[in-house]
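Asker: Here is what each chain is made of, one letter per residue.
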Amino acid sequence: MTYVIAQACVDVKDKSCIEQCPVDCIYEGSRMLYINPDECIECGACEPACPMGAIYYDADLPAEFAAAAQNNRDFFALPLPGHPEPIGNPGGARRIGPVDADTELVRGLPSQAARKA
Amino acid sequence: MTPTQNPPVSVAIVGAGPAGLFAAQALLAQSPMPVTVDVMDRLPSPYGLVRYGVAPDHPTIKSVVSTLHEILLTPGARFVGGVDLDRTVTRGDLRASYNAVVYATGAPADRKLGIPGEELPGSISATALVSWYNGHPDAVGIELAAESVAVIGAGNVALDIGRILTRPYAQLAATDIPTNVLSHFAAAPVREVHLIARRGPEHAKFSTKELRELGSIDGTSAHVDPRDFATVPGTADDRRVRANLAVFRDWSERPACSSERRVHFHFYEKPVAVLGDGRVEEIQLERTIVDASGRVTGSGRYRTVPVQLVVRAVGYRGMPVADLPFDSTAGVVPNIAGRVIGPEGVPLPGEYVAGWLKRGPTGVIGTNKVDARETVASLLDDWADGQLCASAGRPRLEELLRRRGIPVTGLDGWLAIDAAELRMGAAEGRARSKIADWKSLHELAGAVPRC
Numbered sequence: 000m001t002y003v004i005a006q007a008c009v010d011v012k013d014k015s016c017i018e019q020c021p022v023d024c025i026y027e028g029s030r031m032l033y034i035n036p037d038e039c040i041e042c043g044a045c046e047p048a049c050p051m052g053a054i055y056y057d058a059d060l061p062a063e064f065a066a067a068a069q070n071n072r073d074f075f076a077l078p079l080p081g082h083p084e085p086i087g088n089p090g091g092a093r094r095i096g097p098v099d100a101d102t103e104l105v106r107g108l109p110s111q112a113a114r115k116a
Numbered sequence: 000m001t002p003t004q005n006p007p008v009s010v011a012i013v014g015a016g017p018a019g020l021f022a023a024q025a026l027l028a029q030s031p032m033p034v035t036v037d038v039m040d041r042l043p044s045p046y047g048l049v050r051y052g053v054a055p056d057h058p059t060i061k062s063v064v065s066t067l068h069e070i071l072l073t074p075g076a077r078f079v080g081g082v083d084l085d086r087t088v089t090r091g092d093l094r095a096s097y098n099a100v101v102y103a104t105g106a107p108a109d110r111k112l113g114i115p116g117e118e119l120p121g122s123i124s125a126t127a128l129v130s131w132y133n134g135h136p137d138a139v140g141i142e143l144a145a146e147s148v149a150v151i152g153a154g155n156v157a158l159d160i161g162r163i164l165t166r167p168y169a170q171l172a173a174t175d176i177p178t179n180v181l182s183h184f185a186a187a188p189v190r191e192v193h194l195i196a197r198r199g200p201e202h203a204k205f206s207t208k209e210l211r212e213l214g215s216i217d218g219t220s221a222h223v224d225p226r227d228f229a230t231v232p233g234t235a236d237d238r239r240v241r242a243n244l245a246v247f248r249d250w251s252e253r254p255a256c257s258s259e260r261r262v263h264f265h266f267y268e269k270p271v272a273v274l275g276d277g278r279v280e281e282i283q284l285e286r287t288i289v290d291a292s293g294r295v296t297g298s299g300r301y302r303t304v305p306v307q308l309v310v311r312a313v314g315y316r317g318m319p320v321a322d323l324p325f326d327s328t329a330g331v332v333p334n335i336a337g338r339v340i341g342p343e344g345v346p347l348p349g350e351y352v353a354g355w356l357k358r359g360p361t362g363v364i365g366t367n368k369v370d371a372r373e374t375v376a377s378l379l380d381d382w383a384d385g386q387l388c389a390s391a392g393r394p395r396l397e398e399l400l401r402r403r404g405i406p407v408t409g410l411d412g413w414l415a416i417d418a419a420e421l422r423m424g425a426a427e428g429r430a431r432s433k434i435a436d437w438k439s440l441h442e443l444a445g446a447v448p449r450c
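The listed protein sequences correspond, in order, to chains A and B. Heads up: the first sequence begins at 0 in numbering that gives the first Met the number 0, then just goes up one per residue. Heads up: the second sequence begins at 0 in numbering that gives the first Met the number 0, then just goes up one per residue.
For the record, the hints were derived by calculation from the structure and aren't laboratory data. Careful, some of the hints might be misleading.
[Said to hold, decoys possible] Reference listing, derived: stretches of chain A covered by chain B, where coverage requires no fewer than 3 residues with Cβ under 8 angstroms from a Cβ of chain B: (1) 66–75; (2) 101–111.
[As the list claims (entries may be wrong)] Ranges of calculated distance between the beta carbons of each label pair, as one might list FRET restraints: (3) B:Thr-59 to A:Leu-108: 24 to 34 angstroms; (4) B:Ala-430 to A:Ser-15: 32 to 42 angstroms; (5) A:Ser-15 to B:Pro-188: 41 to 51 angstroms; (6) A:Leu-108 to B:Ala-245: 47 to 57 angstroms; (7) A:Pro-109 to B:Thr-59: 13 to 23 angstroms; (8) B:Gly-428 to A:Pro-109: 51 to 61 angstroms; (9) B:Thr-303 to A:Leu-77: 40 to 50 angstroms; (10) B:Thr-59 to A:Pro-61: 19 to 29 angstroms; (11) B:Ala-430 to A:Pro-61: 28 to 38 angstroms.
Using N, Cα and C, we set each Cβ at its ideal position, and we do this for glycine too.
Work out the full structure: start from the sequences and follow the hints.
Answerer: Have a look at this one:
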């Protein structure tokens with residue numbers, strides 16, 4: 000179990016959550032942010048910080064965002080375009096900086112930039 | 000390193016919990032000039048409430064210590080154990096020794112119920128129970144000979160206590176609870192835990208994740224009186240409240256079952272007296288009425304519940320620190336963006352607060368990171384404005400402590416305690432076994448009076 004970022008983050012990337020995370024486990028992809036499930040300590044600081052309400056505790060994900068948990072996991076566990084090796088667990092987002100890629104699921108989503116507040 | 004003739008800015012941080020350590024992290028990261036940070040604690044161990052407050056069955060949250068440990072390993076940072084403000088050093092000592100002092104001593108006291116019988120044996124604070132099962136060296140042993148327990152409060156601390164009191168012994172034995180405390184849990188006859196809240200399920204401050212966890216303990220079932228839902232709105236704007244209501248509704252629809260242990264949530268009831276002849280035997284509750292503004296009044300309808308232990312979990316409370324200004328109503332040091340505000344209403348340059356002492360006992364571990372960044376920005380602005388006095392820094396304080404024969408410990412001392420706890424844990428077939436007595440902690444940490 001872990002906190003996960005759902006699709007409401009796509010093309011928004013407000014990043015307020017990153018400020019809150021005590022262990023720096025929220026990583027920046029090209030179109031959205033992803034929580035590393037192995038590095039998250041489940042403190043819950045990020046959830047209320049998101050203006051899009053995109054962050055959920057795994058078990059509380061609404062059915063429409065059920066794919067989000069696997070999507071967050073995939074960002075770290077699978078190779079990404081331009082990154083033949085999976086990102087894995089770098090031990091802090093600041094160590095690797097923004098990643099210019101996204102998961103397959105996010106790459107397939109139409110632009111949602113219009114929703115940006 | 001930039002070539003400079005100026006000595007680094009020296010900062011003392013009082014309190015090595017998350018607030019103090021995130022302040023150290025922010026200072027070391029945000030300072031444009033070299034800085035040295037001494038993070039002090041009266042204990043020989045750092046991490047504050049992560050070690051002594053977070054429940055022992057929540058190892059994932061406790062794993063934040065690896066981040067906190069890294070902060071102490073950062074060049075410029077140092078852990079100093081055994082510094083007890085007002086006992087071994089004064090506020091003046093710190094002011095004279097460092098360019099700036101950040102107080103991050105938290106909210107160590109607990110709120111009282113303010114009802115007759117509260118002082119009877121068997122009526123205790125959550126703080127007393129939590130610090131005991133977490134192995135705090137100041138904790139006093141607690142008698143768990145109770146089949147029925149009342150826990151007063153509607154926050155996550157009340158849930159922690161409900162969970163620890165009803166978890167199967169084998170699960171508790173896998174945590175880091177000190178061995179002598181574990182033996183009390185092995186013999187504890189707890190069957191019923193009554194969680195009592197003055198207001199309704201929609202007002203409770205429980206986080207959904209921890210609420211659900213209480214309902215998923217082997218051999219324990221959670222119950223809510225369906226009558227408590229009569230006036231509860233079907234839904235709520237707040238996502239957490241909505242999810243909590245769904246959990247409570249589910250529990251309220253369960254038949255009363257004969258599980259080994261039961262947790263009962265009682266809403267709209269407030270304790271009015273703890274009763275008993277020489278020790279707790281009953282708690283008297285009054286049904287409450289909550290008006291539209293959330294105000295609670297008594298209804299004049301009473302009942303008593305037989306309990307042998309009453310645990311109040313109605314909030315932490317800040318305590319005055321040395322002779323710093325203190326707002327006793329809010330339980331915080333008056334401050335603006337972390338700058339301590341003096342009696343004249345103007346900031347006292349060089350003195351700052353962070354964490355619960357600054358904002359009151361709210362928020363989660365991560366909240367301290369943002370909080371600390373604000374305090375540190377104020378401190379660094381004051382330094383840039385030339386508002387902080389020159390100081391002799393670390394060596395002056397070390398000299399003072401030496402002259403007074405005060406033994407202090409460092410990170411090595413903590414690592415020795417840490418290693419001993421891991422060794423003991425391995426011998427007992429668990430990850431860690433906490434050491435809870437001052438003598439062993441001092442010996443392991445190498446705290447010997449220096450003269």
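Asker: Would you say the C-beta atoms of A:Leu-108 and B:Ala-245 sit inside 47 to 57 angstroms of each other?
Answerer: Check failed, 29 angstroms falls outside 47 to 57 angstroms.
Asker: Using a Cβ cutoff of 8 angstroms, are there at least 3 residues of the region 66–75 of chain A near chain B, or does the coverage claim fail?
Answerer: violated (count 0)
Asker: Holds or violated: 24 to 34 angstroms for the Cβ distance of B:Thr-59 and A:Leu-108?
Answerer: holds (30 angstroms)
Asker: Assuming the hint says 19 to 29 angstroms, is it satisfied by the Cβ distance from B:Thr-59 to A:Pro-61 or not?
Answerer: holds (23 angstroms)
Asker: Could you check the hint for me, namely that B:Ala-430 and A:Ser-15 are 32 to 42 angstroms apart, CB to CB?
Answerer: Distance hint for B:Ala-430, A:Ser-15 holds at roughly 34 angstroms.
Asker: State, for the Cβ atoms of B:Thr-303 and A:Leu-77, whether the hinted interval 40 to 50 angstroms holds or is violated.
Answerer: violated (60 angstroms)
Asker: Hint says 13 to 23 angstroms; check whether the CB-CB distance for A:Pro-109 and B:Thr-59 agrees.
Answerer: Violated, since A:Pro-109 and B:Thr-59 (Cβ atoms, about 36 angstroms apart) do not stay within the stated range.
Asker: B:Gly-428 and A:Pro-109, beta-carbon distance inside 51 to 61 angstroms?
Answerer: holds (54 angstroms)
Asker: Determine whether the Cβ-Cβ distance between B:Ala-430 and A:Pro-61 falls within the hinted range of 28 to 38 angstroms.
Answerer: Given about 35 angstroms between the Cβ atoms, the range holds.
Asker: Confirm or reject the claim that A:Ser-15 and B:Pro-188 have a C-beta distance inside 41 to 51 angstroms.
Answerer: holds (48 angstroms)
Asker: Residue count check for the region 101–111 of chain A against chain B: does it reach three with CB-CB under 8 angstroms?
Answerer: Our answer is that it is violated, as 0 residues pass the Cβ test (under 8 angstroms) against chain B, missing three.
Of the numbered hints stated above, those contradicted by the structure are hints 1, 2, 6, 7, 9, listed in ascending order.
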